[in-house]
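Starting from the known structure of chain A, arrange chain B on it as the hints suggest.
These protein sequences, in sequence, are chains A and B. Using the working numbering, the first residue of the first sequence is number 1, and each one after it goes up by one. Using the working numbering, the first residue of the second sequence is number 1001, and each one after it goes up by one.
These are calculated hints, taken from the structure and not from any lab test. Watch out, some of these pointers could steer you wrong.
Label pairs and their calculated CB-CB ranges [claimed, not checked]: (1) B:I1103 / A:D16: 21 to 31 Å; (2) A:V134 / B:P1063: 34 to 44 Å; (3) B:G1099 / A:R97: 45 to 55 Å; (4) A:G75 / B:A1052: 41 to 51 Å; (5) B:D1018 / A:T96: 23 to 33 Å; (6) B:E1033 / A:A66: 31 to 41 Å; (7) B:A1089 / A:G65: 17 to 27 Å.
We treat Cβ as the ideally placed atom computed from N, Cα and C, and that holds for glycine.
The primary structure of each chain is shown beneath.
Number of protein chains: 2
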Amino acid sequence: MIPTAHLHHVAYVVADLDAALPLFVARFGLTQEIREVMPEQGVEAIMLGAGAAGVELIAPLDPDGAIARFLDKRGEGLHHVAFGVPDVAAMLARLTRDGVELIDTAPRRGLGGHLVAFVHPSSGAGALTELVEVAHAER
Amino acid sequence: MIPTAHLHHVAYVVADLDAALPLFVARFGLTQEIREVMPEQGVEAIMLGAGAAGVELIAPLDPDGAIARFLDKRGEGLHHVAFGVPDVAAMLARLTRDGVELIDTAPRRGLGGHLVAFVHPSSGAGALTELVEVAHAER
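Chain A extracted, bound-state conformation (with noise of 0.2 Å):
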């Protein structure tokens, strides 16, 4: 049986989050539930409720970080786009086995505290892809 993943949130690197609100809080009426500094990632984040998946602005604070080089390379813009699954590792261990290109071979802690994983954008219709997996009752 395939788990069913969702759409969980679809993520954007921005230069400056106080400056990219408006557009996503006053213009599109989103709320904002979470705003995190991850310092093992080099970022500030925030994870905007959008209907019932979100949207994840990531701006970085560490100049050499992935973030950063990202910005200076490519601009603002869509960074990744996340599914949610029940069970991260059990995905992990399916799509090692069909020979997908993982960038996390184990879940780590993400964004709000879920576990997380990594695909590469090699094996992801060319975009960076994040398993998310979401405790019953969540999202």
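Same frame as chain A, now just chain B:
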């Protein structure tokens, strides 16, 4: 009052719809809801259900069209993010008043027959942004 938007779908450009499907259907368990040739855009597109939101796959039919040029330049990957709003024309009027750079100044027909309009990436945190007017009792 701000009309609250929700994440309606995220869209990928892919070279071949059928080649892209296994990732989303066999691995992530998503279900195909719509498959439609859109001659005016020179594309064929699929909408997959992914929880309350959707995943759109777009492949070029016209080798000189915008989607073929996107694919040539950037390869497969994320193309746009779509937000569902109750009234696209009203949202376009508000965005015009706010100086937002629009691609469509009036709603037009999109995939699945919805009224849609696109906002320029320069006003969309670097991402091409679609507004989708959804009928009641639909997402």
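Consistency of the hints with the structure:
no.	hint	result
1	B:I1103 / A:D16: 21 to 31 Å	holds, 24 Å
2	A:V134 / B:P1063: 34 to 44 Å	holds, 41 Å
3	B:G1099 / A:R97: 45 to 55 Å	holds, 52 Å
4	A:G75 / B:A1052: 41 to 51 Å	violated, 30 Å
5	B:D1018 / A:T96: 23 to 33 Å	holds, 24 Å
6	B:E1033 / A:A66: 31 to 41 Å	holds, 35 Å
7	B:A1089 / A:G65: 17 to 27 Å	violated, 42 Å
Comparing the model with each numbered hint stated earlier shows that hints 4 and 7 do not hold.
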